[in-house]
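Enquirer: One line per chain: the protein sequences are A and B, in this order.
The opening residue of the first sequence carries number 1 in our numbering; numbering runs sequentially from there.
The opening residue of the second sequence carries number 292 in our numbering; numbering runs sequentially from there.
Please keep in mind that the hints were generated in silico from the structure rather than gathered at the bench.
Bear in mind the structure is a predicted one, so any value in this text is a computation, not a measurement.
For each residue, glycine too, the CB sits at the ideal point set by N, CA and C.
There could be a bad hint or two in this list.
[To be verified] Which bits of chain A does chain B cover? Going by a derived footprint, with three or more residues having C-beta under 8 Å, they are:
id	region
1	2-15
2	80-88
3	254-260
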Amino acid sequence: MEIVFILEQVLNGLLVGALYLLIALGLSLIFSLGGIVNLAHGAFYALGAYLTVLLAPEIGFGGAFVVGPVLVGLLGLLIERFLLRRFYRGDPILGLLLTFGLAMVAEQTLRMLFGAAPVPFSIPPALRGQVFIGEFIYSRYRLLILAVAVVAVFGLWLLLTRTAFGRVVRAGVQDPDMVAALGISLKPYMSAVVAIAVGLAALAGVMTAPITGVHPAMGAEILTFAFVVVVIGGLGSFWGVVAAAFIVGVVRGLAAYFYPSATEASVYLLMVLVLLLRPRGLFGERIRKFE
Amino acid sequence: MSISRRGLMAASAFGLAAPSISYGQSEVIRIGHLTPRTGFLGPLGEYAVQAATLAAEEINAAGGILGRRLELLMEDSVNPQTGSAKAERFVQRDRVAAIVGEINSATALAIAQVVNREHVLFLNTGANSDALRGSDCQRFMFHVEGQNSMYVKTVGRALMAGGLIRGKRSYALTADYAFGHDLLRVAKRFLAENAGTVAGEDLIPTDLSDFSPFLLKIRQARPDIVLLNLAGAQITNFLKQYSEFGLRFPVAGFGFDTALAWGAGQGNFLGTWPVMWHHQIQAPSAQAFVRAFTAKYNRPPENQAWGDYTAVKLMARAMTETRGTDGMKIVEYFEGEGRMDIAKTREGYFRKRDHQLMQEAYAITALPANEVRNRWDIFRAGAAVPGPNEPLDAIAATAEENACTFR
């Protein structure tokens, strides 16, 4: 009997990991290509959630699901063009300060506009309910999240590996000078990458709005986890981040089962262990420009 | 000459309030307000700040305290370390006559240690731990907020009446910090006294936002009732996800704030919970408060707002009655156990033995989704506890349960 319950926690952990993944992948992409640790990434996630609350009564949850991430992606485009772009080659600390400041401005703006209290929002009636598979019971809505996350991640992988756009981006990660020497400007690619990355974070925000409290600090909450996932997975490694997200989800679930008060701490402990044994993370690549 | 609220908040946020505002000591009375405005208790801190502001405006509109203007200095207490440092700055640099506020039990203890050293009064408006009124009690700290024992006994009566305790198995989820640990201790004592048994109990990290692993555990344990000793944003997240997973076990909380249920969204609020105050109380002073708050902030006040509003009003009353701001005289005034209007049906008083405000409490029960008419009236409130024929201290911890020796 016990094994069924443990299996249940493992599966749940994979589902939770999918959500971390959407945020961690964008974080990893922006860092790999631009060298900027985007501390404002969580703010885009929160923005996605608040946009859902605002848009859903007008255009439905399905509409918000499409429009929210697109709007946030466009905002990302503007922020890349007018702010981030100035810091790619500079001291990394400047990019950190900029994005940290942006995150604080975003959180306080949400607090001023919507208040500190959580904004009510529920799962749309059509998506409520549970799925039963033998002893196993699960939230229908969460399975939907998993499906969306898998499609989004697979789509991103195709974009990065199977298109001309992806080839330039991957070359830019490894050797931006050579890309420039070949006469290709990375600027429009960077804009697109930031828009996609923050759009994915917003997508995660849209999907969590119905199941967790929508409040101004929600971005800061999830960001730490996303960072841990990126660090464990290894910078620059697409599948490393994917693997790390699922591992983090599962470790968290098992900790909740066996030693609940360490549910959150277990994830950081895992990070320490990975860093001790593999300082570049599980699948971290050697990126020349950061050496 | 007047100072705008925003200007005052901006100035105090930069730590410049006292030197830059040139009121003489004799012209204003300053009260320091500390409460968490960010983090998992931030949603409640916002109500606290709004209500304290409203109370101060009403006091000043009515001529101030002893003819002197009341000036509130407001700060985010953040955590026990920061809260303690800010309390010290309030007392030593800004020369506040009293400190009001707080929600986090660990921070409240840190503030209490500062005020006891400085002989300045601290009115706790949101920290529930019994220990603050027991092993950690301080002469200069009084509690407008109810203690954990009062919450447990209030909702406990409703649960006993519903046959959900005696001989039943409960699964408890508890916030993993000072407040939760204290509440779990009180809750287990209540269960033991009333022949309830424990099917499972988990400590939940305060920053946890995904309850799914615990919902699976609860389903596995199949308890007769799920008991929640959670705090802040945890409650909102739990409510949303409990509905999501379609669990049917009855739910009850031993600690609660209405704002967290309002924030969960339509169809997600369920169970029976205790509150020290709610916006449907029909006492004239309660309804006057609801009207003033709603007019100013466009939403009704809840229990946290009531706590800070009442505390500022009680401070003003004590200063008026003692003709000054002397900390020791105010302590003695409150220890006189005089009856005071606290925006409830019955008047309340501070119990001399542990400085706890003796007062009515209420168990509220979530309305079924089809009976909810608006965003705010999502529950049905039970009658005030203790009942009209009982002594007011009937739900408070007894001296045996929670002994206090003032230092």
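Enquirer: Quick check: which numbered hints come out false for this structure?
Expert: Per hint list: single violation, 2.
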